[in-house]
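Enquirer: Given next are the chains, with one letter for each unit.
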Amino acid sequence: MSKKLSSDAESIHNSCKSSYLKKFNDYHNAMTVVAGWNVIFETDKFLKKINFYDWFPSLPAAQNQERKLTPDSAALFNDNHGMIFEIKAGFPNSDDLFDKELDQIKNYDLIDRLNGKDGKQHLIKTKDIVILLDSFCPVDQITKRIMEKLANKGHSFKLSKSNLIVMEYGYKEGVGQSFFVMKRSAIKENGAFQDLDLYEHLVENLKPINIKPDLFKDYLSKYMVMNDQPPVIFTLVFLWDKGLYKCLNKEQLEDISNNKTFKFEIELSPQQLVNMINAQIFQQGIFNIAEIREALDALKDIGLAKFDKESQKYLVTFKDLRRISKRGEMLEDKRNVQMDLAEFFASELCLARIREEIRQKKDEKQLFMFPENDQAVDK
Amino acid sequence: MNPHHYDTSKIFGFLESLRQESTRKSRFKATFFLFHSSASPIKVFEKNKHFEIKKDGDIPTCHFRPVFSHDLRKEKKQIMPGGDFYLFSLEENLGIWAICSLQEGEFNEKRINRFFSYWRCPFTKSFLSSADIGKILINLRVKRLNSEVRSIRSVAYSRHKKATINFDDYEISELLDQINVSNSYLSSIAFNLIVDNKQVLKARINRSGDLVYNEGDINLFFDCCIVQAANILRNKVVLLSNKNRKKYSDNVHPIQIKYGNDVFADKRANQKMVEALSSIKRTTFTVYHANPYFHGSLLDFKDGSSFDVYITSSKTISLIPSFQASAAAFSRVISNIFETIEEGVILEEPLRKSIAFDDLVASTNV
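For the record, the sequence lines run as chains F and S. Reminder that position 202 of the first sequence reads as 202 in our numbering, one-by-one numbering, no gaps. Reminder that position 111 of the second sequence reads as 490 in our numbering, one-by-one numbering, no gaps.
For reference, chain S alone in the conformation it holds in the complex (with noise of 0.2 angstroms):
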């Protein structure tokens, strides 16, 4: 996705403009959620009852109304509070947009992020692998001379000590490494990009996609973390997107997850796949062959997707959709495995091309 593609200056605009106006500008912050949907999102926020349009155009404004709540369980009134939001079109022939909330967490996680995991919610977002968050960040540092990116705090997840491991005033690419090396995946990330010495950007970009603006150059915030965030999206979802078998079609299309190292070489490895397939959320899961290679299948409650899920060497994954199969649910599945196994590259299979009998002869020691 090129940058030059959005508007731009109608944003930043209208972010400046936003931030001018907050009353509390030395802690302004604006989150973003990036989004994929084929539908446009002001006509789903039309057609719902929690949302109202207060103002439509180029960025519409909208209101989440607030939910009251009575829990008979605890007597308890709760309240899930409203607010607004702002809608901005990232590039809306690819149907990439980002919710822009300038309000704190509550409101962030009890309403907008529950919302897009609502079964009627046609958005879907996408998780950042740790390599996706490094991209973004380096990608940052290399736009500015003399620059650099630290950590002012991170959270990563160490699969070996099962716990979270803070990295606290690091380098970027320091950072990457540490996390490869401890065996770990990057959970989040508050950073500040730093040019001659001067803090220019502080800002925070977590796994679920969501990237946080506190201070500094919004423009370049926008133009480097928005923009790369919403590339990543947008070739995710276009290789997950539509690979479910279509009825009366011979034709599946698996998704490889492909590592650069022998994941696999101990077959005690398979383990660690019925691991990450139980752990996943509302969803239901079988072995069929767990020794030596690894053949398992997944169904996701959440949406009815359905996938078989193969070991097919040491450094490779595939997933096969079956007739069901949303780009969100092969998102979750990859992004469990990424977690609790490794994280890998995502790519769509290559088609097979054919197959000699001398391959089916080759000694098994290769």
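Chain F on its own, in the form it takes in the complex (with noise of 0.2 angstroms):
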């Protein structure tokens, strides 16, 4: 019998696969605004100027050196001016969770040392607080949002060492080039930059930051985690697609490289996990354990894992997905295409979701057609 969904569920299965591969996507963008600003500061302008640009930073809080603050990234000059990045895909119209954001940005207020490339942590005597919007968001309209609620002084916002900006970032199609753009949202109440440079292009010029993708791509591939928690679907395709291959044993992969079709079970505990990846993929951990749970337990709501509560590991079941997307529901394409593996991970952990949610509610004729003994993936 062929896996069918009604049209409703498939409606809900597509919006939840698109709210999953957003997620996906902010978190890739934001990547590319912390590797934009870099090469800013890599070019002639700025070379000398900037002592060290921090990516994922952990701060001390000026008053409570046990409290750590983790902007997206920083900037440390040599005349002991500082910036700070925190990058957003949107804020939430609700006044009392836009509140709670801002709360975020009036922490980095505290910060009061960067570091820098000696390794050390120097004090600054002037700061920048960069927030970088998606332009698909309101940009100005939340700009303004932010600036007049700064200016209010009954609003508990307040920012007393820090001058705050507020710009926008996104791609854009040139005549044989695409960019990434940063601008400065041009509104009155928007802040300045205290940089000279970037005050006049950005401020006084309003004129856009253009960077070709040939200039970004280096940091993209070196650096593959920041320190907010990645979505689950990076997590899981960084397993798939770099983490899991290297648990393999050597009879593993000679079986891999062989045969047309693999299926290995990697039993691991989300502890082992973390500090395989740490030795052998990057130099320093950036996954923590809570990540990697997430991800495992996604693995084991669509059948690729299984939970040894006794053990408390993972029997993971790693093998060439393609076989599945091949005969997936939701491919339309029968031929043997495959799917990319953050929508394969999107629609699979959906369609979790929907089971789960037609188990609780005893309701599965009405929304689906499934056929008996279903499985989400094919084992």
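By construction, these hints were calculated from the structure, which means they are not laboratory data. Be a bit skeptical, because a hint or two may be false.
Part of the chain S face toward chain F, derived, beta carbon under 8 angstroms [claimed, not checked]: (1) PHE494; (2) PHE495; (3) TYR667; (4) HIS674.
Straight-line alpha carbon distances no greater than 30 angstroms define the calculated DSSO-like cross-link-like pairs of lysine-lysine that follow [what the hints assert, rightly or not]: (5) S/LYS625 / F/LYS117; (6) F/LYS313 / S/LYS455; (7) F/LYS300 / S/LYS660; (8) F/LYS222 / S/LYS660.
Stretches of chain F that chain S covers, calculated by requiring three or more beta carbons in the stretch to come under 8 angstroms of a beta carbon on chain S [as the list claims (entries may be wrong)]: (9) 11-19; (10) 241-252; (11) 311-318.
Note that the Cβ used here is the ideal one computed from N, Cα and C, for glycine as well.
Two chains, two separate frames, one set of hints: put the complex together.
Expert: As structure tokens, this is what we get:
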């Protein structure tokens, strides 16, 4: 029997999948913003001015050194000026949630030292906090709202030691060349950069900064994960694409190379996997155990892993997913077409979620027409 | 690679003696499989139970033992044919070798070519693009006055029609033009070298880098076709080897594919890249960003090589290898991109010069 979703279920599935994929894309875009500023600070105008550009720093709060703050990146200038960057795909509409987002920015006001290239922390005298918003959201409207809250003496959002600027980021297609573009929101309430070159270009001349992919691609390949928790699809893709292969033993490696089909059971604890990734893939550990556990649980939900409570280990089934997507119910094209991993995992997770919901509601017949003993993943 | 580095007289003599000894002189056929190996192939064969070294020396004779298997599902016994082959050192210092087989298709395909794709096989083969094959054949024509290379039968694959097209009895330059115009790539070509209206050489070259001698001047075949193909292989292997990112190093070593025309002018063409990556056997891929620029990644299950793939402009693709990246895996990815999108030029990405801030300020309408 063919696996078919009812049209209602298909629409739920599609919107669920889009939501997972949006988080995945937002995360990648945020990486691009961090890489983009790295490119800017490598240009002739900044090379001599910048002491260190820090990807995903962990910085102490001025009053409480134990408290660590984690903006997306930070730049220490030689004249003890600092820039702190926070990237957001958007701001929530509701006032409470909007203010909650601003609390995070408010905390960055407490940062009084940044990491330098000598590995030491340096006190900064002046500081710009830059919020970068995805150009798909109403940037000017959000900027205005932020700046009004900042100017409102009765509001809790206050910055005493920092200058706040809101920028937007996005992509633009030129002739024969696409660009990653960053520009300052032009509304008059927006803050201005203290650095004169940035001021002249972005504030005075109201010009954007256009970066060719060629300039930032190396960074994207070198630094794969940010310090913000990656969305689960991102971690899953990383595990399937890079991490789990490293866990195969010699016999499995031989098998994978010589046979057209392969299917291995890899037994591991989240800690073992974190250790392996940190030792073999990253120089410094960036994935933490909670993120890896979340991804392993997701694999369990879609039928690609089992969890043994006694040993607290997961038994992951590592195999060529093309054979599954070939029969995947969401694929219109039945040829030997491979879905990309992000889409595959998003699709399977949504199916698992919908099924779980159905099980709870015991309303299976209304929403789905699944064959008996249906499995999300062909085993 | 200079052809004079070879002790060609020995090789020519050997090949000629094989031809003379052949019981099927009229249908004598020698297939050459070119490959790169940093280790001595003879030692590899010595250690492998499937091989037997029958005669060592300048040109060792090896035997590939037959394999008997029993397909339980089909209840059928299968025999994988065995056979002899010869090992030529083309440029030992650079690790360029050729296996020469006098046998027919089944042995060549099921045993020798399959061995090249075997996990433990430390040899690297590389594909020949249409331009590579053209270069070999045009060089052959240049070597002889009043000569022309004519296709007897050539098979090209049309990307547009998604079907093969045969180009029979074409002069080589004309054939290459036709292939270009029809948005195709050359898959194999059987050709004649005709000098003063006489057939001087009959041979065949295919895209996976195998060269077949059929009849005629074997010295010329070796000197021009094999040596040229070995040159191309050597250059590719050198270009694509040791590009993996080293542990504790921040440096990446990208490889570029450059096109002379705006292949990705229309961003819908990015979808072609998804098609190219998704069609590579035994890999898994991810699209991180599809439009307007493209960023994807790929893991090759065969040997664990992984790459990031970027379309950085309408004329450029960049491949950034990760911590593991073999020349063979690079070759597989590039070959698929060539076949699906268009054949371009492979080169090491030039070291980035200092960036001027003004470059980032430039108009996007460049």
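Enquirer: Classify the hint on S/PHE495 as holds or violated, based on whether any CB of chain F lies nearer than 8 angstroms to its CB.
Expert: violated (12 angstroms)
Enquirer: Given S/TYR667 was flagged as interface, is its beta-carbon under 8 angstroms from a beta-carbon of chain F?
Expert: holds (5 angstroms)
Enquirer: Was the hint right that S/HIS674 lines chain F, CB cutoff 8 angstroms?
Expert: Holds, because the Cβ-Cβ distance from S/HIS674 to chain F comes to roughly 7 angstroms (cut-off 8 angstroms).
Enquirer: Within 30 angstroms, alpha carbon to alpha carbon, are S/LYS625 and F/LYS117?
Expert: holds (22 angstroms)
Enquirer: Would you say the stretch 241-252 of chain F counts as covered by chain S, given the rule of at least 3 residues with C-beta under 8 angstroms?
Expert: holds (count 4)
Enquirer: Check the hint pairing F/LYS222 with S/LYS660 against an upper bound of 30 angstroms on the C-alpha distance.
Expert: holds (26 angstroms)
Enquirer: Hinted pair, alpha-carbon criterion (30 angstroms max): F/LYS300, S/LYS660. Please report holds or violated.
Expert: holds (26 angstroms)
Enquirer: Are 3 or more residues of the stretch 11-19 of chain F near chain S, judged by a Cβ distance of less than 8 angstroms?
Expert: Per the Cβ count (0), the hint is violated.
Enquirer: Report holds or violated for chain S covering the stretch 311-318 of chain F, Cβ cut-off 8 angstroms, minimum 3 residues.
Expert: violated (count 0)
Enquirer: Is the hinted pair F/LYS313 and S/LYS455 satisfied, with a Cα-Cα distance of at most 30 angstroms?
Expert: violated (42 angstroms)
Enquirer: Are S/PHE494 and chain F close enough, Cβ to Cβ, to be under 8 angstroms, as the hint says?
Expert: It is violated, given that the least Cβ distance between S/PHE494 and chain F is near 11 angstroms, above 8 angstroms.
Going down the numbered hints, you'll see the structure goes against 1, 2, 6, 9 and 11, while the others check out.
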